[in-house]
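In case it helps, the UniProt record's numbering puts the sequence shown at residues 1 to 420.
Since the hints were made in silico from the structure, they are not lab data.
Please read all numbers here as calculations on a predicted model, not as lab measurements.
Treat each hint with caution, since some may be false.
[Unchecked claim] Below 30 Å or equal to it, Euclidean Cα-Cα: the simulated DSS-like pairs (lysine-lysine) are:
no.	residue 1	residue 2
1	K240	K220
2	K4	K184
3	K142	K5
4	K220	K253
5	K37	K191
[As the list claims (entries may be wrong)] Pair ranges (Cβ atoms, derived):
no.	residue 1	residue 2	range
6	K191	N241	31 to 37 Å
7	P156	N94	34 to 40 Å
8	S268	K374	43 to 49 Å
9	K50	P156	21 to 27 Å
10	N241	D408	19 to 25 Å
11	K277	Q188	50 to 56 Å
12	K341	E64	20 to 26 Å
Ideal Cβ positions, reconstructed from N, Cα and C, are used throughout, including at glycine.
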Amino acid sequence: MAYKKRIVDSQIEFLLTASGAVLIEGPKWTGKTTTAKQFCKSFIVMDDPKNRVSNLNFARVAPEMILAGANPRLIDEWQVAPILWDAVRHEVDNRSKMGQFILTGSAVPTRSEEILHSGVGRIARLKMRTMSLLESDDSDGKISLRSLFLNKTVSPAINDLTIKKLAFLICRGGWPVAVNLEEKAALQQVKNYYDALIDYDINNVDETIRDIDKMRSLMKTLSRNISTQATISTLVEDLKNTDNLISDVTISKYLTILKSLHVIEDLSAWNPNLRSKVVVRTSPTRHFIDPSIATAALGISPNDLLTDFNTMGLFFESMCIRDLRVYADGLGGNVYHYRDKSGLECDAIIHLDNGQWGAIEIKLADHLIPDAIKSLNNLVSKIDDKKMNKPSFLMVLTGGNSSYRREDGIYVVSIGSLGI
């Protein structure tokens, strides 16, 4: 099967010219290994069942055997032997050359005592998420975020996105293995991922046995609170309605495990310079790395979403955040959310490294656009543009199929036409 290009490709290519090694992190099944192999000249798979024991032994007593090979040398699932981190860093120092190694990992090592150095200046870190709609060919990409930041003219666009297709895309997710399959088979992939996560990965990450039933209950609670600023206290309260009561201490520990496996990725709060002294809320918004994990946890099908538009709106927002993160990474930026004490919210702020920023409200249905416009204008009125840049653009990102620029300059964009 031909390689399907990823937005992260250009980032890897650049970092190999600017760093001795590149670490590609992300959940399983996102295509890290496949992508990394497009850039490496030799590789070793650390968790290959046939060679796992010997690989671990070499990592401990003769790491040079693991590192030997044409460069860039790919070390897949390096975290199986955390001691390799310092071996790679040391070898990068010795060779004094760029692009020596590519590391891929689907979990953050919990045995941090085996890592003596952060790798700063030697190993560049890169997050790889599931596929955006652009990468899976479900967006035509006619509305370019880069063009909006460059203040280029963007032409109106119409796509064939339907509410039924949106429900399917949310439940299918951006898993590379699923994007070319028929609907039923595609939906099965995330179920397989979820079962493997609960039955194997949560215990294997640090070889600690955990209560599977409690983890399943927590995953359901997180899924019910997707795209909200639910605190741990809120999660505890939600769990009181289940048969699996979990303490806040246990929840915190389980959340740490889910973060180390790159399963959850909360959206941090944006703290801009404001004209007034209004208090900005700093609670993160709850998100999974892909919204399909939440639908799998709750056993939700596309048809279920179509019968509950309020719930579908929350899952739709999370899918949009996933895509915006992928695109923002490619542009050299980050995505945040905004909420202040007055109750004003903005679903997504893309902030680039050069100080440019754009504000985005996410609405599933077109009839909610007027409310989104009002929120965007209220946000801009609070920003102190003497201390920071004015927004490069304001956007309402929708589940409709039309994209255009309004007379007031605000963009209405379909997620099915958004691209980098």
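Legend entry - Which numbered hints fail: When the structure is compared with the hints, numbers 6, 7, 8, 9, 10 and 12 turn out to be violated.
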